[in-house]
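Chains as they are written, first to last, in the working numbering: chain A, 1078 to 1166; chain B, 61 to 234.
Just so you know, the hints here were simulated from the structure itself, not pulled from any lab data. Keep in mind it's a predicted model, so treat the numbers as computed, not measured. Careful, some of the hints might be misleading.
To be verified - Each pair of labels, with its calculated beta carbon distance range:
| hint | chain 1 | residue 1 | chain 2 | residue 2 | range |
| --- | --- | --- | --- | --- | --- |
| 1 | B | 170 | A | 1104 | 34 to 40 Å |
| 2 | A | 1144 | B | 106 | 21 to 27 Å |
| 3 | B | 67 | A | 1097 | 30 to 36 Å |
| 4 | A | 1141 | B | 226 | 43 to 49 Å |
| 5 | A | 1121 | B | 67 | 54 to 60 Å |
| 6 | B | 131 | A | 1110 | 44 to 50 Å |
| 7 | B | 168 | A | 1091 | 46 to 52 Å |
We put the CB at the ideal spot given by N, CA and C, even for glycine.
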Amino acid sequence: MPIRGPDHDLRPGARAVATARLVVVALICSLQYWLLTSTMEAFHGGDRGLPLVAALASAGCFLLGLGLVVVAERSEARRCRSQTDGDRS
Amino acid sequence: MTRPDRDPKWREDFPYESDNDEHITRRDATRFLLLVSGGFALGNSLIWVRAQLSEDDPAPRVELGAASQLAAGTWRVFAYPDAGTPAILVRRETGELVAFQQKCTHLACPVAYQRSESGEGECLRCHCHNGRFDVASGHGISGPPRELRPLRRIALELDGDRLYAVGLLRPERG
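In isolation and in its complexed conformation, chain B is listed as follows (with noise of 0.2 Å):
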């Protein structure tokens, strides 16, 4: 069969068609990866703007209510550093004020305090996949967290009783 429209001489002279005829070449696959592989560079680049950008925000001060409403071993949930984004705040069996980004850094469910008990330490607890962080670092302890980045901590200031959340720390290296 021939296309007398768009065919060549030579399909003229050899008019054998094949299913692959049509098929993608080695060229043409190698040119559409060049495409995927621009569009990384250019994802990595976004980050990079992304990262610059978020330097120059100011860390918002919010005011977290009493500091001694919140009973030893106990905690609560509220928003950092912006309305939609989680996070925790837990006052540990020691005492201690601590608080913490709340989306688990395996695939963003959130943590929970746990307490201590039956011989297992108190810390942070993702029940999707049984991931455990440590809860004076949010280092992972165990789980699929083990493996990943800390959670990002939170700067908390006390004024008298009233408790503020003033910035996100830097997380430790190592």
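Isolated chain A, as found in the complex (with noise of 0.2 Å):
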């Protein structure tokens, strides 16, 4: 039975990589706080058309982290698959 590596990535940029997705998805996620609170305040202010814009623009920000976590997590799961073929070779 092929012993177990580690659990996390040891390939060389990895674990800066991992740092720069997660300040990205953080200031996605500080963008869309400014933007849903301001969208509160026009709304409250009486604004009607700016809620569709700004609701467009935070599920697209949701996207763009969904995207790049999605790509992480299958560029795992493709190293998971290699190591686990390279232990059994």
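Combine the two chains into a complex, taking the hints into account.
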């Protein structure tokens, strides 16, 4: 039975990429927080046109973050598969 | 120390323990932030839905009593557009009648009318943080409200001597 290695990615630069991804998603969250409070302010001020644009922008931000995470998860899955194949051979 | 029921073989060979062994990884933190991001997007969508629904609400027509009962330079409070939303009706020193929603746009304290005195013009004043609003337009003129949206103005209609609140006016741009 092959010995299972540690769970985290040991490829060169993997840590930097993970940190960068975390920072980008955190920045997206900050932007969305500002967007939410500004939209609420505008809505309470009687602006009925802004919420649609803001909702689309916020959804776009979420999809951007989701894309980053999905790409990371797929890359991780590929790494695990190739590692398992390497262990077998 | 090993945990034979869960641990893989490599931990038996390298049986070190670390306090950070169970720390939250960057990947977990990113996933959590993504969840927060989804929450924000949902919040923005809910505001849009609320905006769509409130557009369909017809503005109620609420009787405010006899206009002649309010002397120049005085004010009173009423509720508009529903019983839970306070509003302020002012007869300015010029005799003009104006009405605004009463919640300060800073932190929702009630605003009150202040007559002109010792060189200061008449205004709507929020005593919580010393904010002042222009009594003609509802725009903030000093204190925290200066940077925020104006007070929502309420449209008034005079039918003989009877005064009615008939709707919320859209804020002026600029």
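Quiz prompt | Violated hints, by number in ascending order, as checked against the structure | solution = none
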